[in-house]
Structure formats: C-alpha cells, structure tokens
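As given, the protein sequences belong to chains Y and E, one line each in that order. Using our numbering, you'd call the opening residue of the first sequence number 48 and step up by one each time. Using our numbering, you'd call the opening residue of the second sequence number 1414 and step up by one each time.
Hints are supplied without guarantee of correctness; some may be wrong.
Unchecked claim - Rough simulated footprint, nothing fancy, chain E against chain Y, three-plus residues with beta-carbon under 8 Å:
| no. | region |
| --- | --- |
| 1 | 65 to 77 |
| 2 | 265 to 274 |
| 3 | 282 to 294 |
To be verified - From the derived model, a few chain Y residues whose C-beta atoms are all more than 10 Å from chain E:
| no. | residue |
| --- | --- |
| 4 | Met89 |
| 5 | Glu93 |
| 6 | Phe150 |
| 7 | Thr187 |
| 8 | Ile189 |
| 9 | Lys191 |
| 10 | Phe218 |
| 11 | Leu227 |
| 12 | Ile236 |
| 13 | Asn243 |
| 14 | Ser246 |
| 15 | Tyr311 |
| 16 | Tyr321 |
| 17 | Leu335 |
| 18 | Met342 |
| 19 | Ser360 |
Think of the hints as simulated: they come from the structure by calculation, not from any bench. Beta carbons are placed, not taken as given, at the ideal position from N, Cα and C, and that holds for glycine.
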Amino acid sequence: MRIILKDKLEIIASEFRRMYYSNLILYFLLSILAMIILIFYMNYKEITLAYEDYTRVQDLYENEEDMKEDLERNDYNMVEENGTYMVENPISYYNEQLKTLLFVNSPDYTLTQIFEAGIIFFPIIFGIFGLLLGCADYKTKIIKHKVARVGRKNYYLSKISTSMITILFFFLIMIIISKLAGIIMYNVICNKIPVNDFSSHNLSLSSNVLMQFIFMYFISIVYSSVGMLIGVLTKGAIRGVILIAAYAYAVPVFSKFDLKNSYYFIMDQLCDFYGVIKISGIKDSSILISMIIIMGFLIFTNITIYLVIIKRSAYE
Amino acid sequence: MIKFIDFLKSYKNNIIIKESNFIIPNSKVSFFMGPNGVGKTTLIKCLLGLEKYKGEILYDSYDIEKVRNKITVLWDDCPFIENLSGWENLIILSEKLVINKEELKSQIREYMDDNLIKRQVKTYSYGQRKKLALILLNILKPEIIIMDEISNGLDYDLMQSLRKDILKMAKNHTIILTGHQFGFYEGIIDLVYIIKDGEILLIEDNYKESTRKLEDIYENNFKGQT
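In isolation and in its complexed conformation, chain Y is listed as follows (with noise of 0.2 Å):
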C-alpha cells in the first residue's frame, strides 16, 4: 500500500517538476497576481473617483445656502427623465456609494471581491491551465513513455490530481496575496479618504467566504477539465485557447441548462457584487439544476477524458 502511494506521489512529483520547470506555475501565478491588481486598481479608481465627485458635490452644497439644509438629509431619490436617470439631493447618493465602496474595499470584502472576480477571470485562467496539462504530452509525444511507465489510468489519475493539487496551491496564493495586498490598499484609501466619516453602512453578506472558496475551487476543476479535455482531443494549445476565450468570452449565454448560467446563477446566490465586477443576463434557474448541470459537465468531460486517454494510441 505504501510503495503504491510513493508510486503515485512520484508520478505527481514528476509534473509538478515539469510545470515548474516549464515555467508554466510562474506564469499562472503572475497571471492571477495580474487579476488581483487588475480588480484593486479599479476599486481604487472607482472609490477615488466617488470621493471626488462627492467632495466636489459638497463644496456646491455648503456654498449654495438653499441646499445647506440637505446636507443633513440622508435620502435620495432616482427619477427617470425622458430615459436618463436624475438623482434628487446626489450628496447623499454620493454618501452611500462612498459607503458600499469603503466596505468593498475593506479587508471583510477582499477574498469575496476576488471570487466575484474570478466569475471573469478563472474560466479562461484554469481552463488553460487544464488545456496546457491536457496536451503538452502529446506534443511532445513524452506520452508514450509516460504511459508505458505508468499505465493509462494512472497516468489520467496523475494528470486529475496535479490539476486539483495546483489549483488548491493557486487560491491559496492568491488568498495570502488579495489579503496582504488588501490591507495596503485599505490603509492607502485610509489615507486618502476620511474612512470614519462613511462607515456606518448596512451592506450584509449573502454566505460566508469559504462557501465562496469551495464553490470557486470547484468551478476552476470544472473549467481546469474542460481545458484539458480540449487539449487531450486537439494536442495543441493555439486552437484550444481560441475556444476557451471564445466560450468564456464571446459565446453568450443560451438557456438555464447552459454551464456558464449555471455558474453564474450559483455565484450570484453566493455574492453579492458590491464591487467593480457586476454580472447580468442570468436566466433564471435553481440551485439544484444549477448544481447539476455543473457536476454533469465535471462527469462528462472526466469521462471523455479517461476514454481519449484509455482509447487513443500513444503513438499517433
């Protein structure tokens, strides 16, 4: 039993030394340390912006003396003029998007901010990622020693478990990384904002984080098996790429039973996108059916990859 788990762990070894070596956990690191300073600078942006529009709204209120008296106010209204929306006593509209802002950009909401980034960014991160683990074999038809020192089923296991072990190593990366980065960037707002003056907001959360985590962590294996199963069946990466970008970016969202609807309809359920990332265009769906779907592709695309692997000669 032990020599067949330090059989296993070597085979994991050996790719965890060949994405090492083939740079490839450096570039997947710098791409979601990409991401994460990507989705800080425009909170950054957008709660600077906020605070000057609001500074510059407040200078008009104390200077005009009809409006003193709204400053008090902390109400606001949104009419709708002719299609354009007009916002009555905009101080206060202003008080409380410097409001949500500041909490978005507080340390509660770092991880929660980068998950509802991810909704963007790890399908076509992990679905890469799974694509390069997918084919680089084939390329390099290192495969037909591979299998012949492992076997197929081992060597499909290896290629599942590299692919779930690295993940986990990324989110916990990118944890320790949002999180330091977010009690910078909050101490540089801090700076730059007087934070007391808008903190008693009554934003909530709608689950907690590590239901945000697990979920993500899933999702980015289903994506991360959807690459590899397009890598397996193409051998390359170019072209797989171009599907997954598409898919993750071009390809709209079809019906309730869609994998992507079904993402976003859960993540929706789980976050609350306070922050710069909004999501739209959900069809409505369950849970349930949401879940299914998800974990249906997770089977599907395992499946077909064992059978490409099991099936297909190593030598072509």
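We have chain Y already, so just place chain E on it with the hints.
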C-alpha cells in the same frame, strides 16, 4: 521471464500475430527480427499493455500493471521535452520524490559534459538524444529494458559504447531489442526471434555460440519481402 500464453494480436479481422506461445528469459538479450510493418512495435505495445490482445503476457507470473515501473523503453525517436534542458528533462522524468543531484551528476558524466546537459534538448543531435535516454535508463534502473530500433542514427563511437553498455546491462537485466542494423546486434544478443507470416518463432536460443550471421537469418526468412 516473460511468458506469452496463447498470445494473439489482431486489428478487427486482420491478424497481426497469430496465436503464439513463447518465453523471453530473464537476464538475456532477446532480439526480434522482421521487416517493417511486421508487428515488432505492436509486440512492444502489447508487452507494455498499451494494446489489447488475446491470451496472456506474464512477467514472472505477474500482470504488466504489477511490474510496470520495472520496465523502461528506449524509443527510436527518444521523446523529451524539447524546450527544456537535458538536466531538467532528467529531473522531471526521474520519477523520484527527492532528487539526489550529486548522484544524478555522476550518472550524467558517463555520457555528457556539463555544457551539453544544460542545453535545450531541441538543440541535441540524434545521438545526443540517445545518450540522454541512456542516462535516464541508468536513473530509472529498470529490470527489463526494451530498445526499439536503438541503433538508428548513431555514429560509430556511440554504437561501440552502446554495445558495451548493453553487454554490461545484460548481466542483470532482461533486454529486448528490435532493429535492422544487424552489425550492431552481432555479438550482444542471446536469442533471436523472427516474426514471419504472423508467427513468432525462436530461431536461435544461444546466438553467441551460433555461426550464423543475423543478415543470413534475415535473408533466408525474408528475402524478397522488403
């Protein structure tokens, strides 16, 4: 020993190797001979359990899955990860949890210098790739070695050195060879099998003592087929 029991390989209705019963003994060098397309590589794939077949192939009464990590194949094209160095390839393919770099370096020194091992494999010549494959073989320390057309593309010096290696390894390894450059195999093989008309036949069980040349065996059996 590797025992073939009622072994038969076919693709749909096309029989590649007819029902055969034979053994490949341990610690001997067995050579399989036959024209291209006769089924030598198919036989290797069956040996490795990578192709379905009828009958049984047993390694000292064990199924391939139980002994897989004791077998290594040196392929004709020596596949490696092209954009990585020889050193990185060896670390990746060594299948070890912990790499002993000093031991690895001493194994490399037998075949390559420091500059060559640090170069990307895509810059290697055919012979240098073969050397890298031989280093990997020494690292993996298999009990059974299969060499498919190993002599192709080797220069004279490397051929001589590889012959010496095979003779050295033959003392405690089971070696299975296929190939067409008969001069290379003379003097290193113990058993000669031919694959003729779909049948696997043992022609020589102690070739080192035989007076026949491999070329003559080939001529006698396959004249006009290639």
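Quick one: which hint numbers does this structure break? Sort them smallest to largest.
-> Hints 2, 3, 7, 8, 9 and 19 are the ones this structure does not satisfy, whereas the remaining hints hold.
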